[in-house]
Each structure stands twice: as structure tokens, then as C-alpha cells.
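Q: Each chain, written out:
2 protein chains.
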Amino acid sequence: MKFTTSKSTLAYAIGTVQKAVSPRSPLPILSGILLEVHGDQLTVTGSDTELTIQCTVNVETENEGSIVLPIRYIADLVRYLPDVPIQFHTLPESTSTTIIYGTSQVNIHGFEPEQYPRLPAVEKGASFSLPQDALRDMLRQVLFAVSTDETRPIFTGVLMQVTGSQLRLVATDTYRLAVRRFQLDQEPEQQINAVIPGKTLNEVVRLTGGTEDEITIICGENHVFFLTGTLKIASRLIAGQYPPYEQVIPREFITRTRLATREILEATERASLLVREGYPVVQFTLQENSCVVSVQTQVGWIREEVSGVVEGEPLEIWFNARYMSESLRALGSEELSLELTGSLSAAVLRPAREENYLSLLLPAKPPKE
Amino acid sequence: MKFTTSKSTLAYAIGTVQKAVSPRSPLPILSGILLEVHGDQLTVTGSDTELTIQCTVNVETENEGSIVLPIRYIADLVRYLPDVPIQFHTLPESTSTTIIYGTSQVNIHGFEPEQYPRLPAVEKGASFSLPQDALRDMLRQVLFAVSTDETRPIFTGVLMQVTGSQLRLVATDTYRLAVRRFQLDQEPEQQINAVIPGKTLNEVVRLTGGTEDEITIICGENHVFFLTGTLKIASRLIAGQYPPYEQVIPREFITRTRLATREILEATERASLLVREGYPVVQFTLQENSCVVSVQTQVGWIREEVSGVVEGEPLEIWFNARYMSESLRALGSEELSLELTGSLSAAVLRPAREENYLSLLLPAKPPKE
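Residue numbers (the numbering used here), protein chains in the order written: chain A, 6 to 374; chain B, 6 to 374.
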């Protein structure tokens, strides 16, 4: 294998796949990245077997070939290389690569590429495409609600449903729930009903967007694939049935308020400073023409008045301050509608002028006096 | 106490003194900052008794007064405040302050200002002034060599000597040594020979510079003071005699080389990637017209050739890679002179065209085969 490329091309390809690699994987070869040169293309692959990321870039090839190099060294080394043409050279049968730059060279021991696990081939399945930016923005609106509790794997994923031409993304950790709908341009051949690991989707968010180019999603029996021109992300699906969630969304409310998202968010974050070392809940009081955010602790007290339009009955309710901040940040709207059915029932947050998103937040118990 | 100011003024004053405060000080009041309003000035003080920082800013005063507020809450709170006029209000005899911004307010419990320790008054002593930028740049050139080993306190400080109108700053951790000289405009009334804690000088570096304004240094029996228009830094001196250091600086050399600082620094840093998980030493080979930086480990090997002018005998020597990087970074010069008297003797690094700085670095043992 022998090819020449630039520092920025290498850094891009390695940076793209890096998050899929565990530098201290129990299977040593998986702590490396696979480099494969075919024609004028270098394909770099990183994988932890659950999640695989592949990035293809153009290089100047002298000989085709492949090798696996430890991510721990190659990633930092590339970052420190000078901005000159960089040549990778692996002798046939060798498991080390010499990297030549200017008058200097470094040699890194790697692994035999034949030992690298075979990656899932793109399965047949339902497929659809949408603009990368749109997907990224929608994923951000639900990913905050994904659970990190590995004992209930189904909640560590996002439900992706396509019915007709309607895409729906749902996440919940049972304390909050986020639902995003989107109208696709085309209708996949089959319906989709799959649960994708949150970790995978965080990578999709990191690696896509900043472009109106499309991303294609193919959903098979056990795997989902995200494909762009240079990028291929493959992930195992989470097995199991996603619990019914629609019935927990309140259909009515007794109090509704319209607030400026930024004002209520900033008030919540200041209040959360006073509770960060104790029970992290903050009171929200809906009264005529305003929502008051307040709490009293050993540190002191805070009282923030955010003006807004309040319909219905006055109401006091407590929320976990961090959960409320995250829900507010995910709204993606300057104005929000907060709908309540009582002090002990879930609140519904919606962007003020957007029908396709809502999130739900359970109230918290008030602190003991 | 009642005054009004802006978020940026508060953030500046609190950010300035913050590093002198231990948020979890065993003496609770020292986990706070002292706010004192006299006339139209707010003076904020933070201290851990060893190091005290005071910052004075202009505010709109309604009533004079003072209070101590916990740094843990006040610093973050100010960061989250909106950009509107901010009023602090403490009732007489109260140990809490209400902060009023727009239609909102927060109240923070504090401590009685009378309980706050008395700070060292500026002592009589030798004093001199120099531009802030000059002081900051010189301190950066020696601080990297300060020891962090508290069992030998004298090495955790920087020796500051003024003889006639010559200022000299010296630091060593016994593995490396840095000496910076500077010609003052004026001659202090007395000679100075004091050891100032490295922690104090790191704060001086952080808080000064970016300006040609002068800073005044007053050195008393037990304390040193750094004074600018808005800032007062007071620090205890380290007791004890600084060991004689001049005798360890080699007067002659058998090999001398001139190198581009950036090239040898980058080569050293790339080589250090290969040794970061083992014995962290790298070989430097001085040969005709170049210095080769190389090392071989279980990870692989590296060989970097940095061209330069070499006078004298060829020579191989090993250095701790991190120490070499730090010494090279401190040079502040595009070109350097590296002087060697043998593989087992200290190397001298100097800026190529600057007489007033040198650093010394002991060689390391080669790794075992």
C-alpha cells in the first residue's frame, strides 16, 4: 500500500470515524482503524461492532492495499504532522506503516487487515432520503430525552417510524418524552418501525448537516444505514417493542401560557444555580400575565418574573431544573406554548407556531420544608 | 450597601480575584469574596491568606457598605445574569445581598465582612516599576521550570533579584533551570533577593499584560505586592535561602547548534507521542548540518531530521520529551542555540539573538534495550 495525501484530508477521514473506535477495546484490532486503498480512494473504517463509521476520500495512489493502525497513535500523530504532502507506505506482508513527511518519517505498528471484523453489508430494506440539515435538527430535538440507563435498553434508543410518507422520531427516558414529525417527499416501499441507539444518532448529528445535500437512510431487519457521498454509518438496531407513548400525551389542558423561550430558559438556568448542590427542583407559578420561576434554599432565594400570555387557571408546579432547561433548549423556537393539566400531571411544551414537535415533562415533588 | 453596575464590570472584578479563593476553604469565610463600597468605588477581594487579589472598579453608589459572598454562587450567577443594569442591595446588619435585575431578583446568604481576615498592608520595601507586558513575557520564560513538589518549598518559587538596576528571575526544579535578566529604568533604593510562589506569579501572568502600562512591584520583609491602576496582588514570600545556581551553568561547550525553534519543537512533540505511555525520553543526535530527533518503542519508531548549523563534535544525547518541549516553548525566539558539553551534562538553550535569557536542561538516561 502506498499513497500520498494532505494532512487535512487525513485529519478529516480519521476524525470522522474516530468516535466509533474504543481505544481500549477488549478486541485489540478494534482499537485500530482500517485503511483500505482501492483505485484513487482511501476508505477509513472505525467500528465497535455495534456502530461502524466509514469515510472515503480521494488520494494519490501508487499501490493498492490495506492495514489496521491503532487509533490512539495515528489520530494524534496526524494532528501534529506538518502541512506538507504525506505519504503512507506499507510493504507487502508487513503490519506496520511508514509515514513520510518532508525529510522525516515515523513508523507505526498495526494489525493485519484480514483480521479486521467483516462489517454488515447494506441490507435490503425500506429506504428514504431527506436533507442532512433537516435530519440533524430533528434529531437534536429528541436526543436530549434518550435514557442513558443501560438496564432498560429500549429507552436508550430513538424510535423511528415511517407510516406512509410521514416520519416520526420519538425518545423518552420515562421522565420526559419528545416527538418530532416530518413530511417526507417520497414514500418508502415498506413501513418502518425501528429503535436506533442514541449513540449512533449522536454521531449522525456530529457528522451531518451544514449542507442541504441529502442523506439516505436504509432500515433493514437488524441494522440501519446512513449514507452520504463520502460517509457510511452502520448501526445495529435495538431489539424489542417500543412502549406505547401516545396515550401519555395529554389531549387537554387547564392552563396554557405563551412565553419567550430565551427568557424562561435563562430564568430556569439562574434558578438552577441555587439548587445544584441539593434537590434540583424549581417552582413555576403561572399567574395573570406571567410565569414566576422561584426557589428558596440554604444558599438564598430567587424570584424571576417572565411576562407572557396566560390562559386558564393559575397554577403552581415544580420541575427538575435541568430537565426543563434541556426541554426548552430543544424547542428550536423563539416562543413556546406550555400546557398544563395540573400540578401533578405532565406538562406539554410546543413551539408556538409549529405543529410537528412537542415534548412532555413530568413534574417533580416539591422540596421538603 | 447599595450600588448599581453592569454585568461586564462585575464579571471582570469577580473573575480577577476568583483564582485566589478556595471554594472549599476550611475557613468558610475565605470561600467568599469581600465586596466593599466606598465613594463610587467597589473593591472586590479574594484571598487564601497566602495570596490576596484585590480589584477596584467604578460603580454607581447609593449607600456605602460591605459584605462577603460565597464565590461558588456569585461567580456563576453573574455569568448567567442578563445584560441589564444590576443592583446589589444589602440591608444594614444583614449578611445577605439581594441582586436586582429587571423584574427579577436573587438573594444570596453571605458572611459578616467584619469576620473577613485583615489583609497585609503594603509594606515599606524596595520598589520598582516596569511595563506589564515585559513582566508577563519574562515570567512565562521562567515559570515552566518551577517545581510543584511541596516537600521542597523553595523550588516552588521564582527567585527575584535586583542588583543595581538589573532584575533577574530564576526558577528551577533541579531538572531544568531558567534565568531571565532585564535592565530596569530605575534603581530601587535597596537590593532585592526574594522567592515568590509560582502560584502567585501565574496569577500575575494571567492578570497583567496586553498593555504597556506599568506595574509596580514592592518587596517587603515577608510579602511582595504587585500594583496597577485597578489591581493589587499581595503574596507571602517563600522563606529560605535560594540555592546557588550560577555554578551549574556550563561556561563552555563542545558542540553547538543553531536550529529553527518551531521545527525542533514540532519534531520533539511528534516523537513524544510515541513515548507518552512509557519512559518519556527521546534521542537527539547532533551531526553535520542537522539534529536528528528519534526514538524506537513498542509502538513504532520515528526519525525527524531538522537541518541547522552544527559546530564542534557529533554527539548523541537523550532528553525528557516534555521537558524539552517546555524549554523550547519558553524561548520566545524563532531561532535557538543549543550548547552541549557531553551526553551526560546539562544542555544550555538560548535564543539565537538574545543575551538576557537561558535555560538549562539535564539529559535523561537512555531507555533500556
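There could be a bad hint or two in this list.
[To be verified] In silico contact screen, one side only, chain B against chain A (beta carbon under 7 Å); selected entries:
#1 Tyr78
#2 Asp81
#3 Val83
#4 Tyr106
#5 Thr108
#6 Val111
#7 Arg275
#8 Val304
#9 Gly305
#10 Trp306
Hints in this document: simulated from the structure, not taken from any laboratory. Where is the CB? At the ideal position from N, CA and C, for every residue including glycine.
Q: Does the nearest C-beta of chain A fall within a distance shorter than 7 Å of the C-beta of B/Trp306?
A: holds (5 Å)
Q: Can B/Asp81 be said to touch chain A, with a Cβ gap under 7 Å?
A: holds (5 Å)
Q: Does B/Tyr78 meet its interface restraint, that is, does its C-beta lie within less than 7 Å of any C-beta in chain A?
A: For B/Tyr78, the interface hint holds, since the closest Cβ of chain A sits about 6 Å away, which is under 7 Å.
Q: Is the shortest C-beta separation between B/Thr108 and chain A less than 7 Å?
A: holds (5 Å)
Q: Would the stated hint for B/Gly305 survive a check requiring a Cβ distance to chain A of less than 7 Å?
A: holds (4 Å)
Q: Per the CB criterion, is B/Val304 less than 7 Å away from chain A?
A: At about 6 Å, which falls below the 7 Å cut-off, the nearest Cβ of chain A leaves the hint on B/Val304 intact, so it holds.
Q: Less than 7 Å between beta-carbons is the criterion; does B/Val111 satisfy it with respect to chain A?
A: holds (4 Å)
Q: Let's test the interface hint: is any C-beta of chain A closer than 7 Å to that of B/Tyr106?
A: Constraint on B/Tyr106 not satisfied, violated at 9 Å.
Q: B/Val83 was flagged as interface toward chain A. Is the shortest Cβ-Cβ separation under 7 Å?
A: With Cβ-Cβ at 10 Å, over 7 Å, it is violated.
Q: Hint B/Arg275 vs chain A: min CB-CB distance below 7 Å?
A: Because about 5 Å separates B/Arg275 from the closest Cβ in chain A, which is inside the 7 Å limit, the hint holds.
When each numbered hint is compared with the structure, violations occur for hints 3 and 4.
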